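Make the full structure from the sequences, and use the hints.
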Amino acid sequence: MKDLLRKIRKTGRVAEDPPERPAESAPDALRELGGSVQLRHVDAGSCNGCEVEIASVFGPVYDAERYGARLVASPRHADALVVTGPVTRNMEMALRRTYEAVPAPKGVIALGDCARNCGVFAGAYGVVGAVRDVVPVDVEVPGCPPEPEAIVAALRGLTGR
Amino acid sequence: MTSVTGAALSASLGASVLAASAGAVLPRRIRPVAAGIGTAAAGAAAVVAGVAAMTGRSWSAWLPELLPLAGVRLAVDPLGGLFIAVTGAVAVCAAVYGVGYARPADGHGGHGLDGRTVQAVLPLFVAAMLLVPAAASVSTFLVAWELMALASLLLVVAEHRHRESVGQAGLWYAVMTHLGLVAILAALAGLAAAAHGESFDRMRAAAEGMSPAVRGAVFVAAFAGFASKAGIVPLHVWLPRAHPEAPSHVSALMSAAMVNLGVYGIVRVGFDLLGGGPRWWWLLVLAAGAVSALYGILQAAVATDLKRLLAYSTCENMGLVLVGLGAGGLLVTADARPLAALALTAALLHVVNHSAFKTLLFLAAGSVLRATGLRDLDALGGLRTRMPVTTAMFAVGALAASALPLGNGFVSEWLLLQSLIGSLGEGGTITAVTMPVAVGALALSAGLAVATFVKAFGTGFLARPRTPQAEAAAESPAAMGVGMGAAAACCVALALVPAFTVPGLARAVQVVLPGQDAVAGQVTLRLAAASSTMSPLLIAVGVAVAAAALLALLRFATTWRVRRRARLWDCGMGPMTARMEYTATSFAEPLQRVFDDVLAPETDVNVTPLAESAYLVDSVSYRARVGDRIESRLYRPLIAAATAVGEAARRLADGSVHRYLAYGFFTFTGVLIVLAVTR
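First to last, the sequence lines map onto chains A and B.
If you use the numbering used here, the first sequence corresponds to residues 1 to 161, in order.
If you use the numbering used here, the second sequence corresponds to residues 162 to 840, in order.
Note that these hints are calculated values from the structure, not bench results.
One should not assume that every hint holds.
Computed Cβ-Cβ distance ranges for the label pairs, DEER-style [claimed, not checked]:
hint	chain 1	residue 1	chain 2	residue 2	range
1	B	Asp757	A	Arg132	53 to 59 Å
2	B	Leu729	A	Met1	42 to 48 Å
3	A	Ser74	B	Asp757	41 to 47 Å
4	B	Arg716	A	Asp17	37 to 43 Å
5	A	Pro136	B	Ala718	45 to 51 Å
6	A	Pro136	B	Glu773	49 to 55 Å
7	A	Ser74	B	Ser782	45 to 51 Å
8	B	Arg716	A	Pro103	48 to 54 Å
9	B	Thr694	A	Pro103	19 to 25 Å
10	B	Thr694	A	Ile8	55 to 61 Å
11	A	Ser74	B	Leu698	30 to 36 Å
12	A	Cys144	B	Leu729	50 to 56 Å
13	A	Gly12	B	Ala718	45 to 51 Å
14	B	Ser782	A	Ile8	54 to 60 Å
Bear in mind that the values here come from a model prediction, so they are computed numbers and not experimental data.
Just so it is clear, CB atoms sit at the ideal spot from N, CA and C, and this is done for glycine as well.
Here you go:
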């Protein structure tokens with residue numbers, strides 16, 4: 001316990017200072033969420049590069065929870081889905097059902113090039129298509145993988161904080 | 162013979178005999194109906210007789226010609242009347258239910274329960290159970306007791322052609338019940354010899370003047386014998402074997418009526434015939450009761466066989482009754498008679514309540530067994546939509562058995578708790594030490610009972626069916642529903658207006674503690690001794706109003722929202738299978754872990770490697786079982802020793818005539834020498 005407290009004191013604050021607040025870009029449907037967006041992450045067939053970036057977005061350095069975004073464990077608790085990867089055949093139905101399970105109003109963030117346009121996996125035999133082809137997408141974040149700053153900016157666009 | 166009690170009891174016994182002969186001679190088609198109606202009539206008449214006795218119309222008779230040498234001596238006082246009434250009520254429910262239960266169910270080929278033996282013995286079993294509390298002499302009592310034991314044994318082994326385990330259960334039951342009989346016989350014969358007479362009146366009068374050693378020995382022997390009938394740990398081992406294997410309406414009769422007679426015996430001998438005793442008797446009773454309550458409910462909490470679970474719950478409830486009796490006896494020695502009367506009232510009320518809900522639960526379990534052929538909770542489930550009546554009945558019984566408000570078990574356990582808490586200041590150090598422990602045991606067993614019955618109801622009846630048999634279950638015939646409904650009605654009546662039993666219970670308690678009125682009141686129960694009150698009806702009304710208000714509020718709060726019908730969330734993959742459900746085993750696993758040292762569960766993991774390499778696994782099998790530790794630690798060695806002695810004794814008789822002649826010669830010479838030396 002003492003070691004832990006000393007460690008906390010010694011380490012201090014590691015989170016980066018928040019950059020300038022980006023312009024409001026939330027879709028109309030999500031405006032009423034009032035600065036707090038609960039996110040459910042769905043890996044629709046990603047190479048896990050985007051997952052690493054998401055992990056660092058919600059880690060101590062970028063700390064996206066400062067801006068009102070939070071990862072949750074069930075679509076029933078969520079306001080929006082964060083979908084990564086091209087939608088594979090195995091995940092197509094699961095993605096549809098997850099989308100149906102989110103209570104309205106709801107949004108979808110397609111995170112990474114694969115989610116936007118299948119990236120390097122375009123035309124592969126197991127790929128159904130981009131996220132847009134399966135569920136309606138509200139926000140897209142480009143990059144392979146997108147940098148944490150870009151993800152944070154997109155999330156702040158949703159939360160408006 | 163002119164009193165209501167006597168007439169009703171005679172009518173009841175007559176109806177039993179008629180039902181038994183109907184069961185023995187009528188053709189198979191109408192046999193169950195005729196025998197069932199006869200038994201139900203016998204039960205109804207017994208209820209009338211018992212209630213009449215409890216309202217003060219005592220009755221006695223002496224029939225000198227009926228048994229050689231001793232004659233039959235009968236007497237029904239309010240205490241015996243209570244047990245007669247309870248037995249009669251259970252018999253009515255079980256008999257009506259049995260009409261439907263004996264009829265072969267589709268697809269399961271019947272249980273062979275409409276055979277002559279079962280149909281003829283069941284009414285006799287009821288008659289024997291009615292005679293036990295009416296007996297007023299040692300010989301009458303023992304004849305009735307043995308008739309009851311034999312009849313129930315025949316009924317336990319009724320389905321021995323269907324399952325191997327029935328024979329084993331019957332053997333355990335036969336041995337335990339007869340060892341119990343030996344103990345009771347020794348106790349009562351000793352008492353009769355010391356009193357120079359075998360009628361209960363004679364013994365009651367002579368008991369005062371006996372030496373403490375004789376009285377103590379009589380009490381301990383009688384207690385052991387009656388406790389084995391009541392299923393008190395460690396003499397309970399027959400119960401979790403015989404109850405599951407017996408036909409379900411017989412289980413109900415045994416578990417709800419027969420075990421009560423063990424309690425009756427303890428009250429009759431300990432309080433009435435011997436007129437109370439020293440402190441250590443009642444400490445023994447209290448300790449046995451507390452251990453039994455805890456051990457029984459722990460085993461029930463981890464049991465997966467539905468009827469085994471109910472059997473262990475019987476151990477628990479009889480344990481609670483003994484806690485009440487022990488506390489009552491202890492308080493008499495501490496000269497706190499009002500509190501003692503309260504404890505006894507609580508114990509007797511718990512006997513009544515337990516009979517009501519255990520009848521209901523066993524009948525509901527039998528309904529499930531008949532519909533599915535299954536007793537294993539891990540294989541059941543999903544019966545709510547398939548067997549709605551049975552499910553509702555089991556729910557009522559489970560609520561009652563878990564000792565929560567709105568159930569009848571709560572009323573008697575609350576009374577018991579009040580008497581224990583009230584007695585903290587009485588009787589010095591011993592009560593100051595034992596009563597808090599007893600309160601703790603009571604509280605723990607009540608808590609575990611809730612877990613047990615949530616498990617039984619939740620995994621057995623709710624969710625989805627786990628096996629094709631459970632999937633194909635269909636509701637039981639109407640007769641079974643009526644039998645269960647009658648038991649459920651008794652439960653509800655006892656839960657809402659328990660005060661209607663109070664005058665009768667008070668008279669029964671006054672048989673052993675004259676002049677005490679422990680509980681009063683019509684709607685609200687008032688305890689003078691513990692200065693507290695409770696009103697089950699008002700609690701029920703309060704809960705109903707609160708529930709209605711909550712529902713109305715929820716409905717009102719959701720009216721302005723659009724309701725959306727959505728698919729059950731199954732992680733997007735679906736469909737959810739029954740394998741994802743909690744099973745009875747998994748539900749009880751945390752409890753099993755907590756009480757690991759007490760239960761000592763056995764787990765086997767068998768890893769079979771491939772023939773080519775020891776590092777590649779071909780199959781893994783896992784088996785977990787919670788056995789009865791007392792059975793394996795206490796009885797197995799005893800059985801092994803008895804077997805060893807038997808085997809050794811066989812060597813004495815090897816068939817050689819010369820040796821046998823030599824035995825005779827040497828024994829004779831030995832006796833002569835002993836006589837020559839001692840004279």
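A quick look at each hint next to the structure:
Checked against the hint of 53 to 59 Å, the C-beta distance between Asp757/B and Arg132/A comes to roughly 55 Å, which is consistent with it. The beta-carbon spacing between Leu729/B and Met1/A, approximately 44 Å, falls within the hinted interval of 42 to 48 Å. Checking the proposed 41 to 47 Å range against Ser74/A and Asp757/B shows it is violated: the Cβ atoms sit about 33 Å from each other. A C-beta distance of roughly 50 Å is found between Arg716/B and Asp17/A, which places it outside the suggested range of 37 to 43 Å.
Checked against the hint of 45 to 51 Å, the C-beta distance between Pro136/A and Ala718/B comes to roughly 31 Å, which is inconsistent with it. The hint said 49 to 55 Å for the Cβ distance between Pro136/A and Glu773/B, and at roughly 54 Å that hint holds. For Ser74/A and Ser782/B, the Cβ-Cβ distance of about 35 Å falls outside the hinted range of 45 to 51 Å, so the restraint is violated. For Arg716/B paired with Pro103/A, a C-beta distance near 20 Å fails the hint of 48 to 54 Å.
The hinted range of 19 to 25 Å is not satisfied by Thr694/B and Pro103/A, whose Cβ atoms lie roughly 49 Å apart. As the Cβ distance of Thr694/B to Ile8/A is approximately 56 Å, the hint placing it in 55 to 61 Å holds. Distance hint check: the CB atoms of Ser74/A and Leu698/B are about 43 Å apart, inconsistent with the given range 30 to 36 Å. A hinted range of 50 to 56 Å for the beta carbons of Cys144/A and Leu729/B is inconsistent with their spacing of about 36 Å.
The given range of 45 to 51 Å is respected by Gly12/A and Ala718/B, whose C-beta atoms sit roughly 47 Å from each other. Between Ser782/B and Ile8/A the beta carbon distance is about 49 Å. The supplied range of 54 to 60 Å is therefore violated.
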